[in-house]
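**Q** As a plain string of letters, each chain reads:
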Amino acid sequence: MMKSGNSTLARAALAVALFALATQAQAVTEIQWWHSMTGKLNDIVADIATKFNASQTEYKVTAIYKGQYDESMTAAIAAYRAGNPPQIVQVFEVGTATMMAAKGAVKPVYQLMAEEHEPFDSKGFLGAVASYYSDTSGHLISMPFNSSTQVLYINDDAFKKAGLDPANPPKTWPEVEQAAAKLKASGAACGFTTGWQSWVQLESFSAWHNVPFATLQNGLGGMGTRLEFNGPVQVKHIQNLADWAKKGEFTYKGRKDEPLAAFTSGECGMITTSSGSYANIKANAKFAWRTATLPYYADVKGAPQNTVIGGATLWVLNQKDKNMYKGIAKFFTYLSSAEVQEKWHADTGYVPITLTAYDLAKQKGLYTERPGFDIAIKELTNKPPTANSKGLRLGNFVQIRNIIDEELENVWSGQKNAKQALDEAVKRGNEQLERFERANSN
Amino acid sequence: MEKRVVFKSPWLPYALVAPQLAITLVFFFWPASQALYWSLLIQDAFAARTQFVWFDNFRDLFNDPHYLASFQITAVFSILVTVIGLAVALLLAVFADRVVRGAKVYKTLLIWPYAVAAAVAAVLWVFLLNPTLGVVTHLLRALGYDWNYLLNARQALILIVIAAVWKQISYNFLFFLAGLQSVPKSLIEAAAIDGAGPARRFWTIVFPMLSPTTFFLLVVNIVYAFFDTFAIVDAATGGGPVQATAILVFKVYQDGVQALDLGGSAAQSVILMAIVIALTVAQFRFVERKVQY
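Chains as they are written, first to last, in my numbering: chain X, 1 to 442; chain R, 1 to 293.
If you are wondering where the hints come from, they were derived from the structure by calculation, not from laboratory data. One thing to keep in mind: the hints can contain errors.
[To be verified] Counterexamples of contact, computed for chain X against chain R with all Cβ distances above 12 angstroms:
(1) Pro108
(2) His117
(3) Gly224
(4) Ala279
(5) Val300
(6) Ala338
(7) Thr381
[Unchecked claim] Partner residues aside, some chain R positions facing chain X, computed with beta carbon under 7 angstroms:
(8) Ile42
(9) Asp44
(10) Ala45
(11) Phe46
(12) Ala48
(13) Thr132
(14) Leu133
(15) Val135
(16) Pro241
(17) Val242
(18) Gln243
(19) Ala259
Since we're looking at a predicted model, the values are computed, not measured. Backbone N, C-alpha and C define an ideal beta-carbon position, used for all residues, glycine too.
Extracted from the complex, chain X is given alone in its bound form (with noise of 0.2 angstroms):
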């Protein structure tokens, strides 16, 4: 009897307990952030949670990692289309254009600031970052978060070996074609590679070298944009490459990161890939290195230019509950604020989306304790955006990535000629394009 009356007396303390809890649950509101940062980006944006969700109380802010970018995309959709969307999602940059049509999923990121009376200035945002995300009337779209670029990266070591002054990289691409050939000489396997060789070799190139990548900017301007990298200037410099290649001077190493790993075992004395893989080069070489400037062609009028931005922002979903966007808004603008950013920018590699943090982060001494590190937001900053250097909005962007990678291949591997391989990449990536309006337009 006094058993069972305590275990009563034990649930009924429980149940109470869970109401209190229960309740308490419901006075926060939850934002779930689902996004694709890994390792140590995964801890720092776990962090950057923390602390919002410590500097108020009526929000909590819940950092998923939902997989790989393209995996978090797929999931977030698949939760839209179920009826039960994320509050915020991050998306890769070739996932703007489906982001962008996708009519009422979407809640854009101006209007959520201007509605939710949150201080909100696209000026205030790199233009080259800005420009990326923004709508045909210039308004951000979604919130930009981690934004690299491309720059290059050699190593002191082979250079000095091969009677190389590091201190003075190769600025132009036949300088770079000339200290290969030296480290070539002096018995390095490998002069130069590349990462993401879409990406730099050819959208960002265009954009460095102001020709353009596709029609209506580069897709800015709307739906019906078509490809047209197989211009001269593109022409040459993948035939250049390809003649490099054949002398050993390039050494293609993979479609994405892997080439990374190509230069810091040493392999390769000179690599172009993202600003953001500074972090990994510094824990992994055991050489001196630097970052240097992303190579030119002198003799291209309007060279360099500006490059274009890679990585992700953050998109809002539409909510049922309208109470949700207030925090979010309230989220963002602690996102973007200088300090959080800059502390981001110095933690990741990634550049800093705002022109008050790149400005803290020089007060703070940050490129003088490390050279080189600004040379990204140096390149974006260098001009300001045209047409052909804003960024690229296509869509079905990740399946003509695709091509041009395969087409690259049969460049590299020899089976196709420069002109050959760019005029089928352009003719394929158009069918990709026309598909995507089918599937887009009323």
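Fit chain R to the given chain X structure using the hints.
**A** Here is chain R on its own, set in the frame of chain X:
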């Protein structure tokens, strides 16, 4: 006279098969019919706009020479994976069957790879064979052989075949070993007394008696090669170089999950489904005749 057990109740037999039917309906017929329906649609990723386009997705596919090339790659890949996977597993099982000392350890070790996820299996082999970091690559280079599957189509195919076979050998091994252990010892001993050597005993007695197992594994392995290998391709080669390792199921995954072209991906999976159904029917009609139960 034939003796039959008959259910007296009119509904009991249906009730007994109902769970089985329900599972088949929910997990096979329903998704398959969805795939059929979706293959006739063009839809944006968020399903905000849906158009019924009849067979346009199929027409686009068959107008794409790269998609057609994928059939040949898939055929070569599936034949290699099935034949090599069965042959190696059978060899290992025959050896394991003879081992007396340490048999358990040996068998356990052989079964381990089955517990490894496909993507992990691919990454393990990539670590060994990576053109920059791979241990085996360095050995091959030292021998004067240039191993670089990033640009060499044949080497890329070899890589995914090795990873796919390695992953499946344990499964085949288990079934072969069980099959071998059910071959009556008396038959083998009788043949030995008649003067048949080990090779002859194997081919005239053991191998025919294994034929039901072999046939079952043949069907399972072909289905495995067609359907379950996309994670290996994705992690090892991403379908490259060019499209040298883009097998059909990988393209379904790539277009549907990575690129969000659901209509095109559904059309591809319908084609894939038709191929596997045709292959399975063919196997049961023509190969099964040779099986001795």
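**Q** Which numbered hints does this structure break?
**A** 15
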